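**Q** Below, each chain spelled out in residue letters.
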Amino acid sequence: MDYNEVKVNLRKFGFPLSTENALNQIQTIINGETSRKQHLNEDLAMDLISEFIFCETNEEGKSTKPMSRIRYLELLVMICEYFNKTKIKPDNDNCCGDTALNAIFMTLFPQFGAPPQRTNMLVSLVSLAISTYSNLILQSAGVQMQQLGCSSKYSSQLADGLVKKFFTFISTNSSSLHLLPQNAPLFTANLMTSLSELYFNTKTTDSNITIKEPPRIVLETIVRWINSDPCLCFTAHYTDLQRALPSGAIPMAATLPFLGLFRWCFFAPLCVKNSNDLELYSELHCALIESVMQGWKVYSEQNPRVSRPYTLSVHSVIPQQLKDLIEETIKLNDPVSMHAVEIVVERLTQSIHAAIISDTIFGNKQDLVNQLESLPKNEVLKALIKRIQV
Amino acid sequence: MEPMEVSVTDEEYMMTKAKSFLETDCYRCRSWLLTAKSMFPNNFGIHFECYEIEKNLRCVQRAARCFSCLLEDFPNEAILWKEIENFTPILCMDTSCLSEEQTFFREMFSALPLSIQQKLLSVCAERSEDTMEHCRLVLLLLNRFPQSSTELALKLMDTMITAEKHNQCPNVINCYRKILVCDLGPLLVSTNTLNQKNLYKMLTKTTEFYITYAMGGHSIIQNLPDTENYIKTPWDDLFASCERIGKKLSWELRSVLSQSDKRKAWKKVSSFAKKFVIASNNSELSKQLVFCGMILFVRHVFDYNKSLQIENGSEYLLVKAIKGPKVQINKPPLKQAVLSIATKLNESLIGITDDSSEVLDHFKMAFNYWELLTNKEPMCTDYWKLSAQIKVDTFIGQFLNDIEFYQGKYKNLFKAVPVHDSIRKSLSLVTLYYCTQEFKKCTEHIFEVIDQIKSISLYGSVSTEIANPPEEREMYYIQIAKLPVLQYCVKIMVQILYNQLSNYPSTSDILIGHLLVLSQMVWPEGKAIAEDMYNHISKLPLFTYPQFSTYITNIDIIEQFMAMFMENDKCVLNIFPCVASLLSPRISTRGAGKEVKDEFRSGLRRQVRLCSEPVDETMLLFFKNERESLMKTATLMQKSLTF
Chain A
1 MDYNEVKVNL RKFGFPLSTE NALNQIQTII NGETSRKQHL NEDLAMDLIS
51 EFIFCETNEE GKSTKPMSRI RYLELLVMIC EYFNKTKIKP DNDNCCGDTA
101 LNAIFMTLFP QFGAPPQRTN MLVSLVSLAI STYSNLILQS AGVQMQQLGC
151 SSKYSSQLAD GLVKKFFTFI STNSSSLHLL PQNAPLFTAN LMTSLSELYF
201 NTKTTDSNIT IKEPPRIVLE TIVRWINSDP CLCFTAHYTD LQRALPSGAI
251 PMAATLPFLG LFRWCFFAPL CVKNSNDLEL YSELHCALIE SVMQGWKVYS
301 EQNPRVSRPY TLSVHSVIPQ QLKDLIEETI KLNDPVSMHA VEIVVERLTQ
351 SIHAAIISDT IFGNKQDLVN QLESLPKNEV LKALIKRIQV
Chain B
1001 MEPMEVSVTD EEYMMTKAKS FLETDCYRCR SWLLTAKSMF PNNFGIHFEC
1051 YEIEKNLRCV QRAARCFSCL LEDFPNEAIL WKEIENFTPI LCMDTSCLSE
1101 EQTFFREMFS ALPLSIQQKL LSVCAERSED TMEHCRLVLL LLNRFPQSST
1151 ELALKLMDTM ITAEKHNQCP NVINCYRKIL VCDLGPLLVS TNTLNQKNLY
1201 KMLTKTTEFY ITYAMGGHSI IQNLPDTENY IKTPWDDLFA SCERIGKKLS
1251 WELRSVLSQS DKRKAWKKVS SFAKKFVIAS NNSELSKQLV FCGMILFVRH
1301 VFDYNKSLQI ENGSEYLLVK AIKGPKVQIN KPPLKQAVLS IATKLNESLI
1351 GITDDSSEVL DHFKMAFNYW ELLTNKEPMC TDYWKLSAQI KVDTFIGQFL
1401 NDIEFYQGKY KNLFKAVPVH DSIRKSLSLV TLYYCTQEFK KCTEHIFEVI
1451 DQIKSISLYG SVSTEIANPP EEREMYYIQI AKLPVLQYCV KIMVQILYNQ
1501 LSNYPSTSDI LIGHLLVLSQ MVWPEGKAIA EDMYNHISKL PLFTYPQFST
1551 YITNIDIIEQ FMAMFMENDK CVLNIFPCVA SLLSPRISTR GAGKEVKDEF
1601 RSGLRRQVRL CSEPVDETML LFFKNERESL MKTATLMQKS LTF
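Chains A and B, in that order, give the protein sequences.
Sequential numbering of the first sequence, starting at 1, is according to our numbering.
Sequential numbering of the second sequence, starting at 1001, is according to our numbering.
The shape of chain B in the complex, shown without the other chains (with noise of 0.2 Å):
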């Protein structure tokens, strides 16, 4: 016995002297703790205590020497590997936010033979129960030691999607796919581990969580640290997975994802499709075609719907056309009527209601590519395979709901429309219930336009595609502000009551006055319509439309009736309240006085004085006030279609 309490008294003796130095002279604790060691090699913790100063002496290379000496004399210590644990985890985290205590184990680390690193970082993530801190420190083998097991990184990838299902994941966006995507992914690539068939499951992974991230408006992935829990650009990133495992898969087409030019890129992957894919039926060079076809196509979509909702929190919307006046309206047809030349876009067949042409371009190429990978065989099947695999079509829905309104089958889009109430929605429904001929529920819809139309912010300008397309034109997009709107359903109430005009010519009065009203919404285009209505007045012996003091207030309008009333040897021009009340029972110009003549001169001029009052004002005005009699026009006209 008494040996050896001598000579744990001499340790101890040696550890005092040593820690008595710490604070005066570190160097002499050092001499000390020195000495110690090497006179008892086999005292762990004399070895361990040595650690301890260094480590809380902050000496990161002293403190690596100890800790290798130790792994290596003794590596079955608990309190060593329960020293381990403690750092392991550290290494995975970001490094910007570590204590001091924890940026030192990071050098520390760091600081160590390599192949002790190789072990440590083996051995605990074997040992971690943490499905996220396992597969960051077998990340973090990886990227330290290239070289280590790929079987590892397999193994890893398999954890990873399982985990996504084990942890019942609500959608592709968490914390395991990311890892697998964006961390996983690149260095299993690089490193030639994946056979074909691993190359398209991760290809498809990657897919599916990045249109998922950038279609679905995604910004913080859960359960991940600041620092990561975000893609700042995703389509770059996409692109450049895919053609980094497009590479490993010897694609031709690859190069197409990095092409910023997107009319060559669209030039090579359709003529791709024409020389190779659809002569030849080859199912691997379709799955190619499909892959880059459909990724450029969704980011042509990410585009189009970008493109739709201009900066100014305003946006656009597809509509249709409104010809006319002199568009004679037809009972509706019983079938459908779809667009025959619905597969090759055509483009003088959309318009824009301003200069904006980024709309029109993404539509068009969205169309193409839409075209090529939904028309033909054999890209079709995968197409639709690989579309329902990614969920692809929940994120284009508006592109699909315009490519429907494109081929003109309206009666579906009805379910498409907006359901919270919106002047989206009800713009919607109006152009809608249009083409489908029921104007009397169009009708209904404009008023409904017309009471949120103040809530708009922006005013917008008018514009001629909306007054007078071009005679190829069957749709535009019309943007969503107080003028273009106000016009769109000015043309339409104009070709209503035109068609009422033309059909029932005896209730004509009130609707050749709304038509003037209306044209001026129109000017200059509204010119004809006026010029047309002159002709009626002048065709009738009294024209009785007292609303015309409140709202014609266009100059030119003012100016047609003054000639009209100085030339007037017919017609009685009954616009004046004030006046009419002069007229004799007997209606005829002749029998008034000069007092008339004055009076209605006067009106005249009074109404000149309007002329600068805003238009638009005037035509909420009047919807305001006439909408009994707009609707009652609007259900005749319905009722004269359908009897």
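If we strip away everything but chain A, and leave its shape as in the complex, we get (with noise of 0.2 Å):
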């Protein structure tokens, strides 16, 4: 086929019909027969996105204006019904989605060459999903959040605009954050690594180091899920993201939430300071270890032939900055900051301990026990020592 005479053909038509036959064409060149011209092939889908799709170029490639206010809105309903309307394979199960729309939605949203207000667009699209329950849409956004790593700058991104566009605006009790670990748990999963990443994660940003608070929404929200489901943590381990993946795509390897929100849980004694804030901690501290224990054991009881997944990680368990932290603390000798350090080593032992009873913990024994002998010495700390060295 002519790949001008598509273009021409397409243009024929004016907004809503030549973005939906656009979408009908991009569907049938990414998932048609492969041909020697794969490359040509998406070129032309990527052409085809630019300017039928988000109109983002003009028939010459040159950039347009930004689309009005009511077309965003219109082509967002639109790609959400796309997806919707897409018949759902028989086999197919709630953490993938359909390989084909996959594909699509790897084009539409990738990771490099788009231009930046299509990530505003992938916000927006996934927020909508959310509330529409547009199941599809959520699950080809968590395979490709995995794909692309949940702490890569695509998902990271993602989690930021949600909790800045989304959950900045829903109240705790919307059944649509409810059910989201039923609907698309990948999905859940992946975002809750992404958004563990972007708090209680010291950046040294001109010298100046400063530790961000996840807004209280997004931590009820994540407490609220783990508790839903002790094995929700685990979901990215125990996808087999090869089906989900057009051929050919290797599957990246998956990273769990526990390490990023236990990062929380460490940190938040000694930096928060609502004390309603922290009961929500102390209650995402127990989830977590709960889920470590249970969660794991619940899912390889039914599921035997799948690998063990990795919790926690010797060498990352205890931060530098959180040592650093902890020493800062203790230099200020009152009641409250010792209480507050006591908390921390309660819960590094404790979940530490987790990851041990449940065979869940990387590294090399020694080198945890140097690690915690360095942090100041407790009971339990001690009975844990003593436990490892056994």
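Any given hint might turn out to be false.
[To be verified] Taking beta-carbon pairs under 8 Å as the criterion, some of the chain A residues facing chain B (in silico):
hint, residue
1, H285
2, A354
3, I357
Since the hints were derived computationally from the structure, they do not count as laboratory data.
Bear in mind that the values here come from a model prediction, so they are computed numbers and not experimental data.
All C-beta atoms, glycine included, are put in the ideal place defined by N, C-alpha and C.
Bring the two chains, given one by one in their own frames, into a single complex with the hints.
**A** This is the structure:
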């Protein structure tokens, strides 16, 4: 087929028909038979997407003015409907969505090569999909996040965008948020991992150490999600991503939200002042160690052939920043600070113990003992070290 | 010894630590508990304490999780089973009256994995020593897990039947039967567990239970909690249960039970009987017919009994229709006359004293079924067998009595008269003695009725059915109310007096006077009687009835007397005592002066003023004052018949 002919044909229609036809055209291009001119096909798809779907370029390939807000909304709804109406294969699970749709999603929202406004479009689309239970979009997004890495810029931007444009405007009791783990578990798990990296992560910018706390709604939602299903955090590990990807693609290793979320719990007593929030961190910690101990046990009993995941790693469980922060706090030497340090050590001990019990800790015994011995001494810590050494 | 001690201290340390946060931060406490549990997986004490802490925190999901772990890891701990015994009875209780802790247990049980729920229920049911509790647990098991063994269900059916016998329940309305019929029955029937023999057993038990409940006027079933110790709609439940069982027995006739149009149901039953049962003599079909027929029959009798009791406290009684008055009463027949047409209801034979047609309809329907079930083989044998089993006769006594009355078997009915004195008893005896032509006794009881009539609060209205029944009428339902009952008594008295008058015209004055008085109560039909009396009077040289001024209030009669007085040539009307004293010893009006005539006129005029007096009051006064003469007449009449 002549590429120009395709474009000329599409140009005969106005919005929304042009967009609708373009989507169908892209579907046939991407999921059509692989030909020798594969890369040319992909180029065509990219062109069609920027001209007919997101209207980022005109006929001559030059950038255009941003579209109107109404048009923007209409386009979002159209993409949502496009994903929703596509037939789901009967053997489809609710984790990785539809392979063909995943490919289209990846082309619509690629890691590289798309103008920055498309990231905003992605955030809006995912927000809409959460609210409208458009699970196939969420599942595709989950696959894409994992493929590109949950701590990648792409995933972080999506997670951050969702917090700023969605979470902060929604009520804790929203049922679309509650049902998200059931409707799109991989997306939920990967979103948690991405979110976990956004906060309590010391970034030394301009030699200023800033520690950011998550908004309360994010914290509450994550606690609720983990409590609703102890296996949820393991989803990325046991999902067979290969099935979700176009042929030839290599699945990326999963990262689990444990390490990041545990870090929240370790930093919180030292950084957070609000007592209501502190209570929530206590609940989060409890949910996490329960998930570490129960979640994997439950899942592996039902699926004995899946390999063991790692929830904690000896080398990163006690980051240097945490050690520094503990030391600084101890220096203050007041009861409140000492109490905070006690909680941190207690949580560290409990979470490491949970990981040991469930045999999901990565690293060397002696290294772990060394790490633990650098912490302020404590009865439980002593008992734990004794146990590790036995 | 040492390491042992250390480990105990470790455990104690962790639990103390955990509990120290119970008040301030329950999640911190839980984190400690989780750690302690995972550190000491074999320590029952720690695990059980964790469960208790969750229980006290009223956290259903966590407690359930702890509990199922306990059951899995420590299945033989006595303390655990003690706890199970604590909460299994709660599962059988009514949800509305549970304490907070009991509600928690119930919710926790529901949160347990299904396999554990089932295991717990069956083990506890087995262990339970109390029959009721055992049965409720098995029921719960069967309800929640319909796939659980059918053997268990059958065993429970036997247990309930034995329990009923064993506990010497005074009647079928007891807690075991209620559970057997209302809870276990539907379950067993729906799961195809019962063979034909057991289906019939269940059907009989069910029918007996509901019929006894509905017909016996039961309300509370002993030894059951308040919410389930009564049955709101026993008939509907009976029909539904029997239809369910009938379906399993592939009964074609079962649909009549839910048929709302009773006439259509009857048509179906009777044509089924004619087409299949009587012709084929098939015992299965006959059983089917007898069960369905009997249930509908008893239901109609129930409706019949209900319709006999009117809402305002009054009731109906079936009595003999009093014809006449010109009916020649013959000597009593030696043998009882039985209505030959008794097998087919002749509707025109029965009437009712007011407009309510319900009584007649219900009687007719009940009669139809009765006749179908008891008059032809093979249903007849089956019916009597079933009826004896369920003791149907104890509930349909009134109907059976009325059937005998209809058939004219009056002598049998004396024993069925109510034991306690009541207007109903007296009136029953009046009509029965009338039927058996014992007029003396009949009259005695009429006076009994009159004595009690003041106690009836309902006034009622006079009825042409009583005053002048249609020719073919043999009996009617009389409303037990002042006017109809009084009218009925009057009607019998009229017949007795009239009969006596025609037999012994010599004692006529008082009879004629009395008849005139009584005719007022059945006016305008009484006019014929009055005219006959005028005729009698005109033939008399002198008519003496000093009670005239007391009892005659009817304007027509007074006018007639005025007319007779005016044109009087032969008869002297000696009806005003004051006037009588003025009459000369030689009785003749011709000799009477103008004075007498004026006195008589003014007497009648005074009488006219009374014509607005209520006639029933006059009648009561009449019966009260003239008791002796009326009794005498009745006795004479009785004698004249006997000799």
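**Q** If a hint holds in the structure, say so; if it doesn't, say that too.
**A** Going through the hints against the structure:
1. The interface hint given for H285 of chain A is met, as the beta carbon of that residue sits about 6 Å from the closest beta carbon of chain B, less than 8 Å.
2. For A354 of chain A, the shortest C-beta to C-beta distance to chain B is roughly 7 Å, which falls under 8 Å, so the interface hint holds.
3. A distance limit of 8 Å between C-beta atoms decides the matter here; for I357 of chain A the minimum to chain B is near 4 Å, and the interface restraint holds.
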